[in-house]
Each structure stands twice: as C-alpha cells, then as structure tokens.
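Start from the sequences and build out the full structure, keeping to the hints where you can.
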Amino acid sequence: MSKPGITTYLRPSSLEEAWSHVAPGDPTLRLLSGGADLTIHAPPEIATLVDVGRVLDRTIVNRPDGSIWMGAMATLTDVMEHPEIALLGGGVVPEMMVHVGNPLLRNFSTIGGHVARGKLSDVVPVLLALDTRIEFFDGEQQTALLQEYYDQGLHKLPHIVTGLSLPQLPERSAAAFLRFARTAFDFAILNIACRVDLGREQPDHVRIVLGATPRRSQRASDAEAIIQEQGLTSAAIQEAAVAARGEIWTGGGWVASSEYRSNLVEVLTRRCLQVVNERLETP
Amino acid sequence: MKILLSVNGKQQSADVNAGDTLLDALRANGFTSVKDGCANGDCGSCAVLIDGRAVASCLVFAAQAEDYQITTIEGITGADQAYHPLQRTMLDAGGVQCGYCIPAMILTAADLLEKNPNPSRDEISTYLVGNLCRCTGYVKQIDAIEMAASVLRGEIDD
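Just so you know, the protein sequences line up as chains A and B, in that order. Per our numbering, residue 75 is the first one in the first sequence, and the count goes up by one each step. Per our numbering, residue 7 is the first one in the second sequence, and the count goes up by one each step.
The set of hints was computed from the structure by calculation and includes no laboratory data. These numbers were taken from a predicted model, which means no experiment stands behind them. Among these hints, one or two may not hold up.
For lysine to aspartate or glutamate, the following EDC-like pairs were computed, each having C-alpha atoms within a straight-line distance of at most 16 Å [claimed, not checked]:
{"id": "1", "chain 1": "B", "residue 1": "K121", "chain 2": "A", "residue 2": "D111"}
{"id": "2", "chain 1": "B", "residue 1": "K16", "chain 2": "B", "residue 2": "E80"}
{"id": "3", "chain 1": "A", "residue 1": "K230", "chain 2": "A", "residue 2": "D100"}
{"id": "4", "chain 1": "B", "residue 1": "K121", "chain 2": "A", "residue 2": "D100"}
{"id": "5", "chain 1": "B", "residue 1": "K146", "chain 2": "B", "residue 2": "D98"}
{"id": "6", "chain 1": "A", "residue 1": "K193", "chain 2": "A", "residue 2": "D111"}
Which chain A residues face chain B? A few, computed with CB under 8 Å, are given here [what the hints assert, rightly or not]:
{"id": "7", "residue": "T81"}
{"id": "8", "residue": "L103"}
{"id": "9", "residue": "L106"}
{"id": "10", "residue": "T151"}
{"id": "11", "residue": "P177"}
{"id": "12", "residue": "F182"}
Note that beta-carbon positions come from the ideal geometry of N, C-alpha and C, so glycine has one too.
Shown next, in the form of structure tokens:
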C-alpha cells in the first residue's frame, strides 16, 4: 500500500553521496535497503527514502583470516543458503533463518537493513552469539563488534551499515537457536542463541544471548561464566539456566507477561545448552 | 516520478509516487494478476519473481524495482501462450478453486523448482509457507507442484 507521507525518493550512486544525505541526522529521512520494514511500518514522520541499493555490496566472500564477509545488501536468503555459513556452529544460521518471515520476505530483505533495525529479531541473537563484527560508514569506514554497536548506541547515530563479518569458529564449536512464539508466523515471545567452543577439557568460549525480551538482545554473562567454569554438565546447565533467569530483564505486554517471559528464560536456556551439548558430543 | 520497470522481458515507463510499492505500480499498469490481498506481507498473493526469486511485491517500493527483472504469471507462459507445466498441473490436480492466490503460488513454486528440481512434499510445503490459500487445504496444490517437478525433469509428459 502506498505511503502517502513519503514524498522524496533519493538514489545515490556513491557511498559518499549517500552519506551526505544521512550525515545531518534528519529525522524525516530513512535509509532503504530491502524495504520490508519500511513498506509496512514506516513511521509517520518519514518523508524521504535514501535507497542504498546501488551503493552497497550484495556479495558474500571468504576473507583470508577465515572469516566470512557479508555485504549489507545480501538478502536473508543469500545468507541462509550460503554453503559455508550453513556449516557454522553445526548449522545454527539456517536453523534460525527458516523462522524469519517466509521466503517471500527473506528473498528481498537484507542482512544490513535487518541489523540496523535490530528489534524483534531472531537474527540478532545468533549473530551476537557468533561474535559477528559490523562494518559501517560514518564519514569513514568503521568496524566494531555487533555487541558494541548496540551496547554503545552506535546504531542510533547517523551511519550506513556496509557489511558484517562472521569469524571463523574453532573445530570443536557448536551453537543452537531456539524460539518460543504463539504461532510459527508470530514474532517470538522469547528467543535464544547459545554457543560453546571447547578447549582441551573445559569450554573456553561461551555465549548465551536472549532476544525478544522484548528489548534488543541481551547476553546472560553470569550464565556464561557458570558454563565456562563448570562445563556442560547437567548440574551446570541447570545452574546456568537459573542464573540467566535472574540476570535477564524481561518486559510484559499483551503478548506475554514479564513473569511468563522470565520463566521462559530459564526453560529455553536449559534446552538450548542441552542442544549445544548434544551437538558437541556428536562426532 | 517516472521509473523504468522491466516486466516479463519488456521495459516500460511507469509514473509512481515515492511511497508506492511495486504492487501498486504493477496493478496500476495493468498487471492485475498480481493480487492486492493484505498489502502487509502476510498473504503472499502479490508475489512476483524479482530476478527469479519470489518476493511479496507489497514489501518492495516501486522505485527499488528499477534495477531488477520482474516476472508476473503472464511472463512464465510460453511464447506460444502454452501453459507452463505448473499452470497445467495446477489445473489437472484440482489445485485451483477461486484462483485468487494461484498466480503467486505458481511463481513461488517456480522459484522453488528452479533451485530444487526434486523437492519433497515437506520442502514444497515449507517453501509455500508465505502463500496463503483460504479455499483449499493445500494438498492438491502440493500434488500439482510435485507433478510439475516431474514434468520439468522429463519424467512424465505435460
């Protein structure tokens, strides 16, 4: 349906030209990459779209350091179907991505636009659990951990997301994604991504990220520390699940109460870590 | 604003507003096989192929589509107006009732079969998750897509 409030459509031909529109921080202007969000949920104050489709990259490439770089214009389908991304952490990316809308949305929605939006996302917890780096332009090319991008409020400053980089995972690494929603089509009431890299005996890297709380994703640091210290024993998993429940803020609303979400934090943390453990034990 | 759309292999000029979706532009230019069901990304009736991938045209701004090849159901029919195997099997299998969702469903199935010529019923069902049909129970349509896949693989005649 046409958005009558949108009166100007700009199509820059260079990153610098796009930046010249974005830099002043005009609240009536919005960057457009895929567009799925803006066609439906454009805030009423938006009058100008800056289409960056001709400026940003859509390719997904392997970098010499073993990381996989995704151009901001790569579609969610491009990411989901990439054969090497599909193997990361035991297949956590396609496992998650299949829950994001449907093919008719994933085939045009971009990873850059999705991350810049960041809210109500199944994608962001998984990217955070994989220690994804983000690259963006704010007059100069910048890079940061995606975690820093959100935690330091960089996502709220004028910028253009140019790409994301998934680091290489160690051989003994597994990840999992779980979500709980009223229906398959609905936004999650709560979701979680877990990742554990095994050292010689104990986990040497643990990520537990809960999203749809309904705020932007949060890491359960206390729970991560328990798994890192004690390993993936049944007792440690249970202890970590209880710790996650204690440290993760959950909000209430018409979809779910705060208490309900809080209970889900414990349940999904336990289940997610159990899945990771099973994957690590499977040769 | 004037934009240039490439639809079914032909370039044509379209006069659109900055906030118009591709769905708006296609219907205003005579492509009424692209259905305006929910205009909210939920029903899938407006799906078209954009560079060969099925996309809900209500989720794309019209001006964005300038750089892509758009295909509607008219574009997958053969040059001699012969039905595409998906159109033929959809009729033969009884997959069409009111018909409203069918053009989009066929285009989504065409996208699936292009990348997966031999999908399982589960894979067909999963790929059609964004195409709602309120008449059927999807069974006949999945039958039709399985049959079309066999035709396209040369295993049975059209």
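Evaluation of the provided hints:
1. B/K121 - A/D111: 27 Å, violated
2. B/K16 - B/E80: The hint holds at about 12 Å.
3. A/K230 - A/D100: OK: A/K230 and A/D100 at ~12 Å, within 16 Å.
4. B/K121 - A/D100: 42 Å, violated
5. B/K146 - B/D98: 9 Å, holds
6. A/K193 - A/D111: At roughly 11 Å apart (the allowed maximum being 16 Å), A/D111 and A/K193 satisfy the hint.
7. T81: Status holds, d = 6 Å.
8. L103: 12 Å, violated
9. L106: 7 Å, holds
10. T151: With a minimum Cβ separation of about 7 Å from chain B (threshold 8 Å), the hint on A/T151 holds.
11. P177: At 6 Å from the nearest chain B Cβ, A/P177 passes the 8 Å test, so the hint holds.
12. F182: 4 Å, holds
When held up to the earlier numbered hints, the structure conflicts with 1, 4, 8 and fits the remainder.
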